[in-house]
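With the hints as a guide, bring the two chains together.
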Amino acid sequence: MRNENADILRHLEAGDTGGMTVLFDRYYRPLVLFADTFLRDLTWAEDVVQEQFVKFWERALFRNVHERALSTFLFTLTKNACINAMEKRGIQTEDISAQDYDFVEEEAEELDERTVFTVRQALERLPQRMKEVVVCVVCEGCSYAEAAERMGISVNTVKTSLRKGMKELRELLEGKKDFLVLLLFGGKIFS
Amino acid sequence: MEISDNIYQSILESWSGKATPEQRELVAKWRRESPEHEARYRELFHLYYQVNGAGKYDKIDAETARSLVMRQLSGNRKSGKGRKKRFVWYWRVAAASVILFLGIWLFVANQDEYQRLESNGVEIAGIVPGETKARLIMGDGKIINLFDRNDEIMQSEDGAIVNDSIYGLSYRLMSTIDTVQRKEVFNVLQVPTGGFYRLELSDGTQVWLNAETELRYPVCFVGNERKVYLTGEAYFKVAKDVNRPFRVFVEEKEIRVLGTSFNVCAYPDDQMITTTLVEGSVGFRTGKSGQEIKLKPGFQCRMNVVDGSCLTEKVDVSIYTAWVDGRFVFQFMNLETIMRQLQRWYDFETIYLSPEVRDYEFRGVIERNSKIEDVFRAIELTTDVKFSIEGKTVTVRRENKKSH
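Sequences listed follow chains G and L, in order. All residue numbers for the first sequence refer to this note's numbering, where the first residue is 1 and numbers rise by one. All residue numbers for the second sequence refer to this note's numbering, where the first residue is 1001 and numbers rise by one.
Bound conformation, chain L alone (with noise of 0.2 Å):
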């Protein structure tokens, strides 16, 4: 039972504000005639709000009015600075007693889970989309499965590394006092094939981990530098300290940075590291050379490990980054190059039995948590490719297909 159009128009112009008294009676009236009419009002509503909400959802600053708002935070509670500092305390000496009885048994109780998981996926033999998981790594080897999970602390000498939905790991509530007489402790996290994970500095240094991907930082930055070592693929915010540079090593390349946000693609597989920078200044030396190339926001330098050659363009950055935010973007990019980003999120292997669509291109996104079936037949619609699952296996072939 379709709305009539005099309703229908009386309805979306008194959303607009535009309707006459006489339309809004109309549709108070309507609405109260039979609950199907309600439930096409609400109908229509829906549709309505989320078109409406997506033309006006970016002329919403949302960047400019968080600062603002945040700005006056920090204003007003000046004189609770010292309340701020307490609250925190409190919070960590309350947590220390309870971390060293959690620990233990968290550490026990994550690694059946993971295990579990781990062979669910072989049980069940399908491609499933990532998750957030990765394996922390500590000091002292000690091996700890994480998930997106809150209220999981870790115990540590002296601070607390917590484990949260919002903030990933993070050491941000490690001691940074008197860290001129520690040594520089070095942790590992690991993330798998289909893993994803966040991460905190004790310096508030952000970065996010993208699957197959390693990266080892210490607990605690001692000294005049920040030092990292990356394998694989991460997004850097780094906070700001311009007393102490932020370096991050892949293999013996360095990329230098001074408080800005960037992404390090650096997957062995690719035999290429690929750098975007969003947001301030990196410098790259590769160890042989020891020349260094500065990169703008913008830019992205693209390095090949073989002979350490570089090329530096102007890119679109969104689409190097877009894997953060839970998407694949893809812009002229060939099939293969997308079936290995693809692999490592949902973790298969790739056979071609027809070499030739390694270099069919493709523009699009892909939501990161979509079904891989999916995927492949959006890909098999519009071309001549298809696409066989058996177990972990994926075998792409190119079909000739019946002239219409």
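Chain G on its own, in the form it takes in the complex (with noise of 0.2 Å):
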């Protein structure tokens, strides 16, 4: 949808809401799971970026961002936002450093339904212990122990199914990205 930006913005400098709309499905999402990068809290991640949409037409930002640069300018817009709301509550702002910042916004851009979904499938393709422990670390953020502890497993089998896991991920999903994901089946096939 590269056009779609351009759209966006016309719609916007004609005062019409419905350009928000838009701006919003496309870009909520993938600038929340931005923002958690930074707040890890995923409630708090969604008020600072509910709070920039806002902003972004209250004082009316998009006069002056190119269609081409308008992406970058939300994630900029959000980063700094998050920064901010760090720096109110006396929290460092350690992991995201200057150099990591660029490829951690290409990873949010490119986060779209379709890839969660495909990752989905992936995942459910996982041998249920290896699922579950990749589930706990990567996706609820538990370490190793305390993933060790709430699975009723050793440190070491959640450092070889993590490992595994991970390794069995990537490799369905390369040269899996626009594909099917056909299931079978029910019916009387092979007599």
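You may find that some hints are simply not true.
When the alpha-carbon atoms are kept at most 25 Å apart in a straight line, the in silico DSS-like pairs for lysine-lysine are as follows [said to hold, decoys possible]:
1. G:K167 with L:K1056
2. G:K131 with L:K1183
3. G:K167 with L:K1018
4. G:K131 with L:K1018
5. L:K1183 with G:K159
To be clear, the hints were calculated from the coordinates, so they are not data collected in a lab.
Below is the structure:
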């Protein structure tokens, strides 16, 4: 949807809030996940991002944005808001350094509903325990020790299951991006 | 060269915010050691971010958030309301003078391109996924070919019909003043095999049209009813207007609607009209019995075209609306029905050499931009079905597999 940004801006310049709806649909979740890498709190991330959308409209920030820079603008806006929000609460901004910010933004922009769908399908393909370990550490942010405790297994098992799981996920996802996932079936086929 | 377990753990724990300062320092040092380490780091992050995102995606209630945000927007821009109208008006006036000039040029240009696309399809002799394209027949009979492009504005008497990549073909800017005096002028939007299009009617109702679909609708709704006529498949998001019920006619069957989201599937070769209600309320009436059947959200009515009999049941609506998001979703659907759906999007003919394979059932999801060869290969991998493609014809037969 390369041309979509131009249309969005056009609608916004014309004072049409419909442009905000489309902007929201396109960018809300990616921005929230991006904010979450800073804030590590999904609810907080949602609040901050929502504020940015309102700010974007109220202050007509779209006036100075070129269609090709719209995405970067939104991510930068969000990043700065996160840093401010964290400073206000006295939290240190540690793990995302300036050099990392660029590729984090790239990842955030790339993550869309289709990718989520594909990744979920791939996760389902993993053996049960491997999947649980991956979800625990990667999705829920557990440390290895926490995962081991939660699942009643040794830290060593977490180590191996996690690495195997991630490796298998990578293999499933590579070359299967635009792919279908056709699961079978019911019915009398092999007689 | 694999990342050591220790580093791997330190990396992941730092992303979770659970790493010790020592671990973080270890990672930072490791990254600095060589460009290959940095590349591995990013590779891992890529995977991590996707899995992490996939896990959290659904926890984000975008719908509620959007309502919250949109409500705040209207509240704060109240003083600017007049300004909004003026902006739109300026745009229309400025555009009007350009319209006349562009209209003719675009019409000619589009025609050539559409023809070129069609002929390309035949020359390349491949079966390719569909795309956003349609044909608009205006009140005076003029035909315009449409593609998913922005800034194309078609001329019309009083207002503008806009084609953009967000709302599709939009009549929202058609003047609705003084509709009592006006006659209802009908336009027809035809979506060909392998096509897809979006439409926004003058009242703000949004319609998504699937392949092999035709919708006949007025440029501007006149009177105390909103009537449209459908063949094929469409998803409607009807703009609420209690004073003017929205009525969808499929031949002589009628679906009466009151501000709502629903899918109508009425392909002639299906011999059935399937209406799936997502939100709101609809009522059916066949021309014959005159009796009205009401649907509740999450329910579907399948009406047999021949005898007018209806079957209503609760369904997973996402299956029937997945096409709007660019997917085919099958839940225990037989191969024959799947092929029929694929045919409409990919544009091919099917020949069954082994009739029994028609009844094989499948469950799954296919992205609508998948290559047809990939779709067939997936079916072949897990069944004894074999597909052969020649030009635009697909032959389906059952192969006798050797035992393992």
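(request) Run the structure past the numbered hints and jot down the numbers of the failing ones, going up. (result) The structure conflicts with hints 2 and 5, although it agrees with all the remaining ones.
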